[in-house]
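J.: Following the hints, complete the assembly by docking chain B onto the known chain A.
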Amino acid sequence: MTNEQLIEQLTSANPDAVVKQGSQYPEITVAHDKLHAFMQNIKSDSSLAFDYLVCETGVDYPTFIQVVYHLESTAHRHFMVVKANTENRETATLDTVADIWPTAEFHECEIYDLLGIRFNNHPNLRRYFLDDTWGHPLRKDFHDDIHVVER
Amino acid sequence: MAEFSEKYIVTDEIKADEYLVNIGPQHPSTHGVLRLLTRLEGEIVHNVEPHIGYIHSGIEKMTEALSYPQIVHLTDRMDYLSAHMNNEAVCLCVENALQVEVPERVKYIRTIFDELQRLASHQLWWCASGMDLGALTAFFYGLRDREDILDIFEETCGARLTLNYSVPGGVMFDIHPNFQKSVKAFITKFRKKLPEYDKLLTDNIIFQNRTKGVGVLSKEDAIAFGVTGPTGRASGFSCDVRKHHPYSAYPYIKFDEKMGTDGDSFMRWKVRMDEMWESMNIIEQLIDNIPEGDFAVKMKGVIKLPEGEFYQRVESARGEFGVYIVSDGKKNPYRVKFRSPGFSNLFTINHIAKGWKIADLVAIMATFDLVIPDIDR
Numbered sequence: 001m002t003n004e005q006l007i008e009q010l011t012s013a014n015p016d017a018v019v020k021q022g023s024q025y026p027e028i029t030v031a032h033d034k035l036h037a038f039m040q041n042i043k044s045d046s047s048l049a050f051d052y053l054v055c056e057t058g059v060d061y062p063t064f065i066q067v068v069y070h071l072e073s074t075a076h077r078h079f080m081v082v083k084a085n086t087e088n089r090e091t092a093t094l095d096t097v098a099d100i101w102p103t104a105e106f107h108e109c110e111i112y113d114l115l116g117i118r119f120n121n122h123p124n125l126r127r128y129f130l131d132d133t134w135g136h137p138l139r140k141d142f143h144d145d146i147h148v149v150e151r
Numbered sequence: 001m002a003e004f005s006e007k008y009i010v011t012d013e014i015k016a017d018e019y020l021v022n023i024g025p026q027h028p029s030t031h032g033v034l035r036l037l038t039r040l041e042g043e044i045v046h047n048v049e050p051h052i053g054y055i056h057s058g059i060e061k062m063t064e065a066l067s068y069p070q071i072v073h074l075t076d077r078m079d080y081l082s083a084h085m086n087n088e089a090v091c092l093c094v095e096n097a098l099q100v101e102v103p104e105r106v107k108y109i110r111t112i113f114d115e116l117q118r119l120a121s122h123q124l125w126w127c128a129s130g131m132d133l134g135a136l137t138a139f140f141y142g143l144r145d146r147e148d149i150l151d152i153f154e155e156t157c158g159a160r161l162t163l164n165y166s167v168p169g170g171v172m173f174d175i176h177p178n179f180q181k182s183v184k185a186f187i188t189k190f191r192k193k194l195p196e197y198d199k200l201l202t203d204n205i206i207f208q209n210r211t212k213g214v215g216v217l218s219k220e221d222a223i224a225f226g227v228t229g230p231t232g233r234a235s236g237f238s239c240d241v242r243k244h245h246p247y248s249a250y251p252y253i254k255f256d257e258k259m260g261t262d263g264d265s266f267m268r269w270k271v272r273m274d275e276m277w278e279s280m281n282i283i284e285q286l287i288d289n290i291p292e293g294d295f296a297v298k299m300k301g302v303i304k305l306p307e308g309e310f311y312q313r314v315e316s317a318r319g320e321f322g323v324y325i326v327s328d329g330k331k332n333p334y335r336v337k338f339r340s341p342g343f344s345n346l347f348t349i350n351h352i353a354k355g356w357k358i359a360d361l362v363a364i365m366a367t368f369d370l371v372i373p374d375i376d377r
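So the sequences go chain by chain: A and B.
So that you can map any letter, position 99 of the first sequence is 99 in the numbering used here, and since no number is skipped, the others follow by simple counting.
So that you can map any letter, position 227 of the second sequence is 227 in the numbering used here, and since no number is skipped, the others follow by simple counting.
Next comes chain A alone, as it looks inside the complex (with noise of 0.2 Å):
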């Protein structure tokens, strides 16, 4: 499918999301509460397919935290990006995609430890980096005086 057949799918089928097209691929913007339906419904979708969950990371913006999917179709071969907000910076949280692509199970881990966001229904969450004195790095109001020298 191409970017722009794909862009047409997904925005006939989920009318209140945001579909445009990214500087290279299409992005999809989801609400929290619907994520993990649309997740399962892009995954099971014969003519979608999206099996291989690339890469999983966030991202911290001022009053919100961004989850960020790079999925892919090894059936089709082709490429989108899903983004999802959290409500809030301070209690974030996220459903876990981790019973539909097992690899974000550890990725959620990852970001959990890094950027704080709890995952629901997650099988194992816990911290792989760092241990429990240390905040979440990768937030940008995180300040480390012994560490970090600010210039």
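Please keep in mind that the hints were generated in silico from the structure rather than gathered at the bench.
Computed from a predicted model, the values in this text were never measured in an experiment.
C-beta: ideal position from N, C-alpha, C; glycine also.
Treat the hints with caution; some may be incorrect.
Stated by the list, open to error - Just so you have them, the derived chain A footprint on chain B, three or more residues with Cβ under 8 Å: (1) 52-62; (2) 235-244; (3) 312-325; (4) 334-344.
Claimed, not checked - Lysine to any residue pairs mimicking SDA-like chemistry, simulated, CA-CA at most 25 Å apart: (5) B/304 x A/9; (6) A/43 x B/220; (7) A/83 x B/285; (8) B/331 x A/63; (9) B/243 x A/81; (10) B/61 x A/137; (11) B/354 x B/189; (12) B/184 x B/276; (13) B/354 x A/100; (14) B/189 x B/220; (15) A/140 x B/69; (16) B/270 x B/285; (17) B/330 x A/100; (18) B/331 x A/66; (19) B/61 x A/34; (20) B/354 x A/137; (21) B/193 x B/155; (22) B/330 x A/32; (23) A/20 x B/307; (24) A/83 x A/141.
Claimed, not checked - Sample of chain A residues at the chain B side, in silico, Cβ under 8 Å: (25) 17; (26) 22; (27) 53; (28) 55; (29) 59; (30) 64; (31) 77; (32) 103; (33) 134; (34) 136; (35) 137.
T.: Just chain B now, with coordinates in the frame of chain A:
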């Protein structure tokens, strides 16, 4: 012959006849500082929980304070065996964002370096995994031949391991006048040496018994767990970025994506051995045809990316390496994420090592070809 035990039950409580063994973080077969918390009954593995982060260096956080040419220098500290591919990924990402077209000469040079780097990485993997399985001789053979490639790197760019040869807009210097001659001499020599590798290990009956049928990863699981590179291809998952999303000079050349079907340790081994032959074919197609021209285009002193998000994927020696840059138009990125192949590959271990003996866990680890700084970043 390795035997698979059906009788494993995974429960959260540790049973009376189970015990916990820490493998690592300072164990040679973990190839760096990786800790595997294994739950065993006798010799049989019930559960493996990888614990990482011992050499987490916060590269993604550091990039937020650095300019784009500086970021390139950090990337080869991650997967130091695929240093050039990692450098190239950031350069391609910046070039695509700025819509800069690099000269043809640069594309050819980068591709030849990619394949030389892949050869060097696979040589080190070959000799180190031989050592994991108890064949110490392999280590000397592999390092001896790898030295030739490192000498070629040193001749052109002065560095042997962390190359930093790619810069946004091209490469740092032109190739050394001897470059083509040395590469051709190396290929001629290594074509004679590679069959020795097969004689020493691949055809060895003890080695085959240790690896055939051990740690099978199905194609469906490979896709679901995001396992890429030779490890994923051994399971039949066609995931070669060079084929599906060609970059640099890969669109101009003919090469095969080496695939396996069984997904066992021996097949992972075989795919990497075949890739070494294929890398030499790729280099031979390019080495005599390097076009004349500039080795870099002039870039602005301060590189500022337009506002937006950019994702670039390349095939490193271990699998798909991705760079995701979020830019807000300043000279520093807003957020950089490195999608490292080792991270996704590592966490499959628990899934496929269950029910095998602890010695088979080492064989599985060896054929996964993990580089820990790549996982920890």
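J.: Work down the list of hints and note, for each, if the structure agrees.
T.: Comparing the hints with the structure gives:
Proximity of the segment 52-62 of chain B to chain A, defined as three or more residues with a beta carbon under 8 Å from a beta carbon of that chain, is established by the 6 residues found. A stretch counts as covered by a chain when three or more of its residues have a beta carbon under 8 Å from one of that chain; for the segment 235-244 of chain B and chain A the count is 4, and the coverage holds. Judged by the Cβ-Cβ criterion of 8 Å, the segment 312-325 of chain B is covered by chain A as claimed, because 4 of its residues qualify and three suffice. Given as covered by chain A, the segment 334-344 of chain B passes the check, having 6 residues with a CB less than 8 Å from a CB of that chain where 3 are the minimum.
A distance of roughly 35 Å separates the Cα atoms of residue 304 of chain B and residue 9 of chain A; the hinted pair therefore is violated under the 25 Å criterion. The straight-line distance between the Cα atoms of residue 43 of chain A and residue 220 of chain B is roughly 13 Å, inside the 25 Å bound, and the hint therefore holds. Taking the CA atoms of residue 83 of chain A and residue 285 of chain B, the gap is near 42 Å; set against the 25 Å cutoff, the hint is violated. Of the supplied pair hints, the one linking residue 331 of chain B and residue 63 of chain A holds, its CA atoms being roughly 23 Å apart against a limit of 25 Å.
Using a Cα cut-off of 25 Å, the hinted pair residue 243 of chain B and residue 81 of chain A holds, with the two alpha carbons roughly 21 Å apart. The suggested pairing of residue 61 of chain B with residue 137 of chain A holds, with an alpha-carbon distance near 7 Å, which does not exceed 25 Å. In summary, the hint linking residue 354 of chain B to residue 189 of chain B is not supported, as the alpha carbons are separated by about 42 Å, beyond the 25 Å threshold. Distance hint between residue 184 of chain B and residue 276 of chain B is fulfilled; the C-alpha atoms sit about 15 Å from each other, no more than 25 Å.
Straight-line distance between C-alpha atoms of residue 354 of chain B and residue 100 of chain A comes to about 22 Å, which keeps the hinted pair within the 25 Å bound. For the proposed pair residue 189 of chain B and residue 220 of chain B, the alpha carbon gap of about 39 Å is over 25 Å, so the pair is violated. With a CA separation close to 22 Å, the supplied pair residue 140 of chain A and residue 69 of chain B stays within the 25 Å bound. Between residue 270 of chain B and residue 285 of chain B the CA atoms are separated by roughly 23 Å; this keeps the pair inside 25 Å, and the hint holds.
Of the supplied pair hints, the one linking residue 330 of chain B and residue 100 of chain A is violated, its CA atoms being roughly 37 Å apart against a limit of 25 Å. About 22 Å separates the Cα atoms of residue 331 of chain B and residue 66 of chain A, which keeps this hinted pair within 25 Å; it holds. With a C-alpha separation of about 30 Å, the suggested pairing of residue 61 of chain B with residue 34 of chain A is violated against the 25 Å cut-off. Proximity of residue 354 of chain B to residue 137 of chain A is assessed by CA-CA distance (about 34 Å); at most 25 Å being required, the pair is judged violated.
As the CA atoms of residue 193 of chain B and residue 155 of chain B are separated by approximately 22 Å, the hinted pair is consistent with the 25 Å bound. Of the pairs offered as hints, the one joining residue 330 of chain B and residue 32 of chain A is violated, with about 29 Å between alpha carbons and a cut-off of 25 Å exceeded. Proposed proximity of residue 20 of chain A and residue 307 of chain B is supported: the alpha carbons are some 15 Å apart, at most 25 Å. With a CA separation close to 22 Å, the supplied pair residue 83 of chain A and residue 141 of chain A stays within the 25 Å bound.
A hinted interface residue such as residue 17 of chain A counts as satisfied when its beta carbon comes closer than 8 Å to some beta carbon of chain B; here the least separation is about 17 Å, so the hint is violated. Checking residue 22 of chain A against chain B by beta carbon gives a least distance of about 6 Å; that is within 8 Å, so the hint holds. For residue 53 of chain A, the interface hint holds, since its Cβ comes within 8 Å of a Cβ in chain B; the closest pair sits about 6 Å apart. About 4 Å separates the beta-carbon of residue 55 of chain A from the nearest beta-carbon of chain B, less than 8 Å, and the hint is met.
For residue 59 of chain A, the shortest C-beta to C-beta distance to chain B is roughly 5 Å, which falls under 8 Å, so the interface hint holds. The restraint placing residue 64 of chain A at the interface with chain B is violated, with a minimum CB-CB distance near 14 Å, outside the 8 Å limit. Hint status for residue 77 of chain A: holds, given a least beta-carbon distance of 6 Å to chain B, under 8 Å. Satisfaction of the interface hint for residue 103 of chain A is found here, the shortest Cβ-Cβ separation to chain B being roughly 4 Å, below the 8 Å cut-off.
This hint is violated: residue 134 of chain A has a C-beta 10 Å from the nearest C-beta of chain B, more than the 8 Å allowed. A least Cβ separation of about 11 Å between residue 136 of chain A and chain B goes past the 8 Å threshold, and the interface hint is therefore violated. Look at residue 137 of chain A: its Cβ gets to within about 5 Å of chain B, closer than 8 Å, so that hint holds up.
Taken one by one, the earlier hints fail for this structure at numbers 5, 7, 11, 14, 17, 19, 20, 22, 25, 30, 33, 34, listed in ascending order.
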